[in-house]
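Full structure from sequences and hints, please.
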Amino acid sequence: MVHSDLKELFLALVRLGIGHQLVSSLTFQVSSEVDWVQLKARADQHGLSAVVLDGLNEVSKSNSQLSTLNSQLKLSWIGEVMQNYEQRYVQYENAIGSLAGWYNQHGYKMMVLKGYACCLDWPRPEHRPCGDIDIWLFGQQREADATLGSWFKVHDSEKKIDNSHHHHTVFEWQGFTVENHYDFLNVHHHKSNVELEAILKDLGKDASYFVEMKGEKVYLPSANLHALFLLRHSMSNFASTGFQLRQLLDWAFFVEKHGEEIDWEWLESQLEHFGMKKLYDVFNAICVDDLGFDVKLFPQVQFQPQLKKRVLNDILTPEFSEKESGGFLSRAVFKYRRWKANAWKHELCFNDSLWSAFWSGVWGHLMKPGMI
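Under the numbering used here, think of the first position of the sequence shown as 1, with each following residue one higher.
Treat the hints with caution; some may be incorrect.
[Said to hold, decoys possible] Distance condition first, Cα-Cα at most 20 Å in a straight line; then the derived SDA-like pairs of lysine to any residue:
{"id": "1", "residue 1": "LYS153", "residue 2": "GLY175"}
{"id": "2", "residue 1": "LYS257", "residue 2": "PRO125"}
{"id": "3", "residue 1": "LYS191", "residue 2": "ALA343"}
{"id": "4", "residue 1": "LYS296", "residue 2": "ASP263"}
{"id": "5", "residue 1": "LYS308", "residue 2": "PHE10"}
{"id": "6", "residue 1": "LYS323", "residue 2": "LYS340"}
{"id": "7", "residue 1": "LYS7", "residue 2": "GLN21"}
Source of the hints: derived by calculation from the structure; they are not laboratory data.
Below is the structure:
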(Lines of atoms letter the chains of each structure in order from A; the text may use other names.)
(Lines give C-alpha, C1' and ligand atoms only; values in the text may rest on other atoms or scores of the structure.)
Protein backbone atom coordinates (compact mmCIF):
# COMPACT_ATOMS: atom_id res chain seq x y z
CA MET A 1 0.00 0.00 0.00
CA VAL A 2 1.26 3.46 -0.90
CA HIS A 3 0.94 5.97 1.90
CA SER A 4 -0.75 9.31 1.29
CA ASP A 5 -2.12 10.40 4.69
CA LEU A 6 0.21 13.06 6.08
CA LYS A 7 -0.95 12.56 9.68
CA GLU A 8 -0.27 8.82 9.70
CA LEU A 9 3.05 9.29 7.91
CA PHE A 10 4.07 11.92 10.46
CA LEU A 11 3.25 9.61 13.39
CA ALA A 12 5.07 6.70 11.73
CA LEU A 13 8.18 8.81 11.22
CA VAL A 14 8.07 9.93 14.86
CA ARG A 15 7.91 6.27 15.97
CA LEU A 16 10.79 5.41 13.65
CA GLY A 17 12.77 8.41 14.86
CA ILE A 18 12.54 7.38 18.52
CA GLY A 19 13.21 3.72 17.78
CA HIS A 20 9.68 2.46 18.44
CA GLN A 21 9.07 1.01 15.00
CA LEU A 22 11.13 -0.83 12.42
CA VAL A 23 10.99 0.12 8.74
CA SER A 24 10.16 -3.51 7.95
CA SER A 25 7.01 -3.27 10.07
CA LEU A 26 5.55 -0.35 8.12
CA THR A 27 2.25 -1.30 6.49
CA PHE A 28 2.79 1.09 3.59
CA GLN A 29 5.44 2.43 1.25
CA VAL A 30 6.34 6.09 1.40
CA SER A 31 4.75 7.59 -1.69
CA SER A 32 6.64 9.70 -4.19
CA GLU A 33 3.67 12.08 -3.92
CA VAL A 34 4.43 13.09 -0.33
CA ASP A 35 4.27 16.85 0.24
CA TRP A 36 7.63 17.17 2.01
CA VAL A 37 7.19 20.88 2.66
CA GLN A 38 3.95 20.23 4.56
CA LEU A 39 5.53 17.31 6.40
CA LYS A 40 8.44 19.45 7.54
CA ALA A 41 6.07 22.26 8.56
CA ARG A 42 4.18 19.80 10.77
CA ALA A 43 7.44 18.54 12.29
CA ASP A 44 8.50 22.14 13.00
CA GLN A 45 5.10 22.94 14.52
CA HIS A 46 5.45 20.11 17.04
CA GLY A 47 9.10 20.65 17.91
CA LEU A 48 9.99 17.33 16.29
CA SER A 49 12.07 18.31 13.26
CA ALA A 50 15.07 16.35 14.53
CA VAL A 51 13.01 13.27 15.45
CA VAL A 52 11.20 13.19 12.10
CA LEU A 53 14.52 13.59 10.26
CA ASP A 54 15.83 10.63 12.27
CA GLY A 55 12.79 8.68 11.07
CA LEU A 56 13.36 9.70 7.47
CA ASN A 57 16.96 8.56 7.72
CA GLU A 58 15.73 5.12 8.82
CA VAL A 59 13.30 4.88 5.90
CA SER A 60 15.86 6.12 3.37
CA LYS A 61 18.07 3.14 4.10
CA SER A 62 15.57 0.85 2.39
CA ASN A 63 13.24 3.07 0.37
CA SER A 64 14.42 4.71 -2.84
CA GLN A 65 11.19 6.73 -2.96
CA LEU A 66 12.84 9.16 -0.60
CA SER A 67 14.85 10.43 -3.54
CA THR A 68 11.74 12.57 -4.14
CA LEU A 69 12.69 14.59 -1.05
CA ASN A 70 14.18 17.67 -2.67
CA SER A 71 17.92 17.65 -2.03
CA GLN A 72 17.94 21.35 -1.22
CA LEU A 73 15.12 20.88 1.33
CA LYS A 74 16.89 17.89 2.88
CA LEU A 75 20.20 19.73 3.19
CA SER A 76 18.40 22.71 4.69
CA TRP A 77 16.58 20.39 7.10
CA ILE A 78 19.83 18.75 8.20
CA GLY A 79 21.44 22.15 8.64
CA GLU A 80 18.54 23.38 10.77
CA VAL A 81 18.74 20.33 13.03
CA MET A 82 22.47 20.77 13.48
CA GLN A 83 22.17 24.48 14.26
CA ASN A 84 18.81 24.77 16.04
CA TYR A 85 18.93 21.49 17.94
CA GLU A 86 22.38 19.96 18.32
CA GLN A 87 24.53 23.09 18.53
CA ARG A 88 21.91 24.95 20.53
CA TYR A 89 21.71 22.09 23.01
CA VAL A 90 25.43 22.50 23.71
CA GLN A 91 24.84 26.22 24.29
CA TYR A 92 21.82 25.36 26.45
CA GLU A 93 23.87 23.12 28.73
CA ASN A 94 26.63 25.72 28.94
CA ALA A 95 24.13 28.42 29.93
CA ILE A 96 22.49 26.19 32.56
CA GLY A 97 25.87 25.26 34.02
CA SER A 98 26.94 28.90 34.09
CA LEU A 99 23.69 30.06 35.70
CA ALA A 100 23.80 27.29 38.31
CA GLY A 101 27.39 28.29 39.04
CA TRP A 102 26.34 31.89 39.62
CA TYR A 103 23.60 30.83 42.03
CA ASN A 104 25.86 28.34 43.81
CA GLN A 105 28.48 31.03 44.33
CA HIS A 106 25.87 33.33 45.85
CA GLY A 107 24.36 30.74 48.17
CA TYR A 108 21.27 29.67 46.24
CA LYS A 109 20.22 26.22 45.01
CA MET A 110 18.85 26.09 41.45
CA MET A 111 16.37 23.46 40.28
CA VAL A 112 15.57 23.15 36.57
CA LEU A 113 11.98 22.51 35.57
CA LYS A 114 10.32 21.27 32.40
CA GLY A 115 12.77 21.80 29.52
CA TYR A 116 16.15 20.60 30.70
CA ALA A 117 14.66 18.17 33.21
CA CYS A 118 12.76 16.63 30.26
CA CYS A 119 15.82 16.62 27.96
CA LEU A 120 17.65 14.32 30.34
CA ASP A 121 15.01 11.62 29.81
CA TRP A 122 15.16 11.60 26.00
CA PRO A 123 17.31 8.94 24.28
CA ARG A 124 18.90 11.78 22.30
CA PRO A 125 18.61 14.93 24.47
CA GLU A 126 20.10 17.06 21.72
CA HIS A 127 17.12 16.22 19.49
CA ARG A 128 14.62 17.79 21.86
CA PRO A 129 14.14 21.52 21.15
CA CYS A 130 15.68 23.91 23.68
CA GLY A 131 13.41 26.72 24.80
CA ASP A 132 13.49 28.81 27.95
CA ILE A 133 15.37 27.87 31.10
CA ASP A 134 12.74 27.39 33.80
CA ILE A 135 14.11 27.41 37.33
CA TRP A 136 12.94 27.07 40.93
CA LEU A 137 15.10 28.47 43.73
CA PHE A 138 13.48 26.65 46.64
CA GLY A 139 11.45 29.67 47.69
CA GLN A 140 14.31 32.19 47.49
CA GLN A 141 13.34 33.83 44.20
CA ARG A 142 12.83 37.30 45.67
CA GLU A 143 16.20 37.41 47.47
CA ALA A 144 18.01 35.89 44.50
CA ASP A 145 16.48 38.39 42.06
CA ALA A 146 17.60 41.26 44.29
CA THR A 147 21.14 39.87 44.35
CA LEU A 148 21.13 39.26 40.60
CA GLY A 149 19.69 42.71 39.86
CA SER A 150 22.52 44.32 41.80
CA TRP A 151 25.03 42.12 39.99
CA PHE A 152 23.60 43.13 36.60
CA LYS A 153 24.03 46.82 37.47
CA VAL A 154 27.76 46.27 37.95
CA HIS A 155 28.55 43.65 35.33
CA ASP A 156 25.89 44.05 32.58
CA SER A 157 23.92 47.25 33.04
CA GLU A 158 21.75 46.69 29.94
CA LYS A 159 20.11 43.64 31.49
CA LYS A 160 17.02 43.98 33.63
CA ILE A 161 14.74 41.57 35.49
CA ASP A 162 11.18 41.67 34.13
CA ASN A 163 8.53 41.24 36.84
CA SER A 164 5.47 41.87 34.65
CA HIS A 165 4.50 38.19 34.48
CA HIS A 166 2.43 35.99 36.75
CA HIS A 167 4.26 33.27 38.72
CA HIS A 168 7.80 34.03 37.50
CA THR A 169 10.24 36.80 36.72
CA VAL A 170 12.18 36.88 33.45
CA PHE A 171 15.73 37.74 32.45
CA GLU A 172 18.28 36.83 29.80
CA TRP A 173 21.34 34.66 30.39
CA GLN A 174 23.84 33.77 27.66
CA GLY A 175 21.26 34.05 24.89
CA PHE A 176 18.45 32.19 26.68
CA THR A 177 15.34 33.48 28.39
CA VAL A 178 15.23 32.42 32.04
CA GLU A 179 11.91 32.12 33.86
CA ASN A 180 12.57 32.25 37.60
CA HIS A 181 9.49 30.76 39.26
CA TYR A 182 8.18 32.04 42.56
CA ASP A 183 5.04 29.95 41.90
CA PHE A 184 4.91 26.78 39.86
CA LEU A 185 1.48 27.74 38.50
CA ASN A 186 -0.43 30.89 37.70
CA VAL A 187 -2.61 30.96 40.83
CA HIS A 188 -4.71 33.78 39.34
CA HIS A 189 -5.92 31.74 36.36
CA HIS A 190 -7.85 28.93 38.10
CA LYS A 191 -8.99 28.77 41.71
CA SER A 192 -7.88 25.13 41.87
CA ASN A 193 -4.33 26.25 41.10
CA VAL A 194 -4.11 27.74 44.59
CA GLU A 195 -4.63 24.34 46.22
CA LEU A 196 -2.41 22.58 43.70
CA GLU A 197 0.33 25.18 44.12
CA ALA A 198 0.57 24.37 47.83
CA ILE A 199 1.15 20.70 46.98
CA LEU A 200 3.82 21.54 44.40
CA LYS A 201 5.62 23.91 46.76
CA ASP A 202 5.69 21.23 49.44
CA LEU A 203 7.18 18.78 46.94
CA GLY A 204 9.57 21.52 45.80
CA LYS A 205 11.36 21.49 49.17
CA ASP A 206 13.08 18.22 48.24
CA ALA A 207 16.73 18.85 47.28
CA SER A 208 17.68 15.16 47.02
CA TYR A 209 18.03 14.97 43.24
CA PHE A 210 20.71 16.67 41.19
CA VAL A 211 23.20 16.28 38.36
CA GLU A 212 26.61 17.80 37.77
CA MET A 213 26.62 20.25 34.86
CA LYS A 214 29.92 21.82 33.82
CA GLY A 215 31.19 21.10 37.32
CA GLU A 216 28.18 22.72 38.98
CA LYS A 217 25.35 21.11 40.96
CA VAL A 218 21.99 21.47 39.18
CA TYR A 219 18.97 20.26 41.12
CA LEU A 220 16.15 18.23 39.57
CA PRO A 221 12.52 17.78 40.65
CA SER A 222 11.52 14.58 42.41
CA ALA A 223 9.54 12.10 40.33
CA ASN A 224 6.25 13.05 42.01
CA LEU A 225 6.85 16.78 41.57
CA HIS A 226 7.91 16.38 37.94
CA ALA A 227 4.94 14.13 37.12
CA LEU A 228 2.27 16.37 38.63
CA PHE A 229 3.79 19.63 37.38
CA LEU A 230 4.46 18.31 33.87
CA LEU A 231 0.90 17.00 33.50
CA ARG A 232 -0.70 20.20 34.82
CA HIS A 233 1.46 22.37 32.59
CA SER A 234 0.82 20.22 29.51
CA MET A 235 -2.91 20.08 30.11
CA SER A 236 -3.09 23.83 30.63
CA ASN A 237 -1.39 24.28 27.25
CA PHE A 238 -3.80 21.82 25.65
CA ALA A 239 -6.80 23.68 27.04
CA SER A 240 -5.62 27.14 25.99
CA THR A 241 -2.62 28.27 23.96
CA GLY A 242 -1.82 25.08 22.08
CA PHE A 243 -0.11 21.74 22.46
CA GLN A 244 2.79 19.99 20.75
CA LEU A 245 3.13 16.26 20.28
CA ARG A 246 6.61 16.76 21.74
CA GLN A 247 4.96 17.33 25.12
CA LEU A 248 3.56 13.79 25.04
CA LEU A 249 7.05 12.50 24.32
CA ASP A 250 8.28 14.46 27.34
CA TRP A 251 5.71 12.68 29.50
CA ALA A 252 6.30 9.22 28.04
CA PHE A 253 10.11 9.38 28.15
CA PHE A 254 9.90 10.59 31.74
CA VAL A 255 7.65 7.66 32.70
CA GLU A 256 9.94 5.28 30.83
CA LYS A 257 12.93 6.44 32.86
CA HIS A 258 11.36 7.27 36.24
CA GLY A 259 8.11 5.31 36.37
CA GLU A 260 9.30 3.13 39.24
CA GLU A 261 10.00 6.26 41.34
CA ILE A 262 6.46 7.66 40.96
CA ASP A 263 3.87 7.05 43.64
CA TRP A 264 1.18 6.17 41.12
CA GLU A 265 -1.63 5.74 43.64
CA TRP A 266 -0.93 9.20 45.06
CA LEU A 267 -0.55 10.76 41.59
CA GLU A 268 -3.77 9.34 40.19
CA SER A 269 -5.69 10.41 43.30
CA GLN A 270 -4.43 13.98 42.75
CA LEU A 271 -5.37 13.87 39.08
CA GLU A 272 -8.85 12.64 39.99
CA HIS A 273 -9.25 15.35 42.62
CA PHE A 274 -8.20 18.15 40.27
CA GLY A 275 -10.25 16.93 37.29
CA MET A 276 -7.27 15.81 35.19
CA LYS A 277 -7.72 12.04 35.21
CA LYS A 278 -9.75 11.68 32.00
CA LEU A 279 -7.20 13.53 29.86
CA TYR A 280 -4.33 11.74 31.61
CA ASP A 281 -5.88 8.44 30.49
CA VAL A 282 -6.10 9.73 26.93
CA PHE A 283 -2.50 10.97 26.99
CA ASN A 284 -1.31 7.53 28.11
CA ALA A 285 -3.38 5.86 25.40
CA ILE A 286 -1.86 8.06 22.67
CA CYS A 287 1.63 7.31 24.01
CA VAL A 288 0.95 3.58 23.66
CA ASP A 289 -1.24 3.35 20.55
CA ASP A 290 0.23 6.11 18.43
CA LEU A 291 3.77 6.67 19.72
CA GLY A 292 4.68 3.03 20.38
CA PHE A 293 5.49 3.11 24.10
CA ASP A 294 5.13 -0.08 26.13
CA VAL A 295 1.72 -0.34 27.76
CA LYS A 296 3.38 -1.78 30.87
CA LEU A 297 4.98 1.59 31.61
CA PHE A 298 1.63 2.95 32.78
CA PRO A 299 -0.51 1.69 35.68
CA GLN A 300 -3.46 1.29 33.32
CA VAL A 301 -4.51 2.47 29.88
CA GLN A 302 -8.28 2.92 29.87
CA PHE A 303 -9.91 5.50 27.65
CA GLN A 304 -12.89 6.46 25.52
CA PRO A 305 -11.90 5.74 21.88
CA GLN A 306 -13.86 8.65 20.41
CA LEU A 307 -12.40 11.07 22.94
CA LYS A 308 -8.89 9.82 22.22
CA LYS A 309 -9.49 10.32 18.50
CA ARG A 310 -10.73 13.87 19.03
CA VAL A 311 -7.82 14.78 21.32
CA LEU A 312 -5.20 13.41 18.92
CA ASN A 313 -6.83 15.10 15.94
CA ASP A 314 -6.91 18.39 17.84
CA ILE A 315 -3.23 18.07 18.78
CA LEU A 316 -2.28 17.52 15.13
CA THR A 317 -4.90 19.82 13.55
CA PRO A 318 -6.43 22.13 16.17
CA GLU A 319 -10.18 22.69 15.91
CA PHE A 320 -9.60 26.34 16.80
CA SER A 321 -7.01 27.58 14.32
CA GLU A 322 -7.41 31.36 14.39
CA LYS A 323 -4.25 33.39 14.90
CA GLU A 324 -3.84 36.18 17.43
CA SER A 325 -3.20 39.62 15.95
CA GLY A 326 -4.00 43.29 16.30
CA GLY A 327 -4.14 45.58 19.29
CA PHE A 328 -5.44 45.20 22.83
CA LEU A 329 -9.14 44.87 21.90
CA SER A 330 -8.48 42.42 19.06
CA ARG A 331 -6.36 40.23 21.35
CA ALA A 332 -9.05 40.28 24.04
CA VAL A 333 -11.72 39.21 21.51
CA PHE A 334 -9.43 36.50 20.18
CA LYS A 335 -8.86 35.08 23.67
CA TYR A 336 -12.59 35.06 24.38
CA ARG A 337 -13.29 33.19 21.13
CA ARG A 338 -10.54 30.70 21.92
CA TRP A 339 -11.92 30.22 25.43
CA LYS A 340 -15.38 29.45 24.03
CA ALA A 341 -14.04 27.07 21.38
CA ASN A 342 -11.92 25.21 23.93
CA ALA A 343 -14.69 24.70 26.49
CA TRP A 344 -14.69 20.93 25.83
CA LYS A 345 -11.00 20.80 26.68
CA HIS A 346 -11.46 22.68 29.93
CA GLU A 347 -13.74 19.90 31.20
CA LEU A 348 -10.90 17.39 30.67
CA CYS A 349 -8.27 19.44 32.50
CA PHE A 350 -9.80 21.27 35.45
CA ASN A 351 -12.34 20.82 38.21
CA ASP A 352 -13.17 24.55 38.16
CA SER A 353 -16.37 25.61 36.44
CA LEU A 354 -15.85 27.19 33.04
CA TRP A 355 -17.20 30.57 34.14
CA SER A 356 -15.19 30.54 37.36
CA ALA A 357 -12.06 30.02 35.29
CA PHE A 358 -13.13 32.79 32.90
CA TRP A 359 -13.57 35.42 35.63
CA SER A 360 -10.38 34.31 37.38
CA GLY A 361 -8.57 34.77 34.08
CA VAL A 362 -10.10 38.20 33.53
CA TRP A 363 -9.00 39.30 37.01
CA GLY A 364 -5.52 37.90 36.40
CA HIS A 365 -5.21 39.90 33.17
CA LEU A 366 -6.40 43.06 34.91
CA MET A 367 -3.62 42.56 37.45
CA LYS A 368 -1.05 42.13 34.67
CA PRO A 369 -2.50 43.94 31.58
CA GLY A 370 0.68 43.32 29.62
CA MET A 371 -0.18 39.62 29.55
CA ILE A 372 -3.25 40.17 27.33
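Verification of the hints:
In summary, the hint linking LYS153 to GLY175 is supported, as the alpha carbons are separated by about 18 Å, within the 20 Å threshold. The straight-line distance between the Cα atoms of LYS257 and PRO125 is roughly 13 Å, inside the 20 Å bound, and the hint therefore holds. Proposed proximity of LYS191 and ALA343 is supported: the alpha carbons are some 17 Å apart, at most 20 Å. In summary, the hint linking LYS296 to ASP263 is supported, as the alpha carbons are separated by about 16 Å, within the 20 Å threshold.
Proposed proximity of LYS308 and PHE10 is supported: the alpha carbons are some 18 Å apart, at most 20 Å. Our distance criterion of 20 Å between C-alpha atoms is met by LYS323 and LYS340, whose separation comes to about 15 Å. For the given pair, LYS7 sits about 16 Å from GLN21 by alpha-carbon distance, which is consistent with the 20 Å threshold.
In this structure, none of the earlier numbered hints is contradicted; all agree with it.
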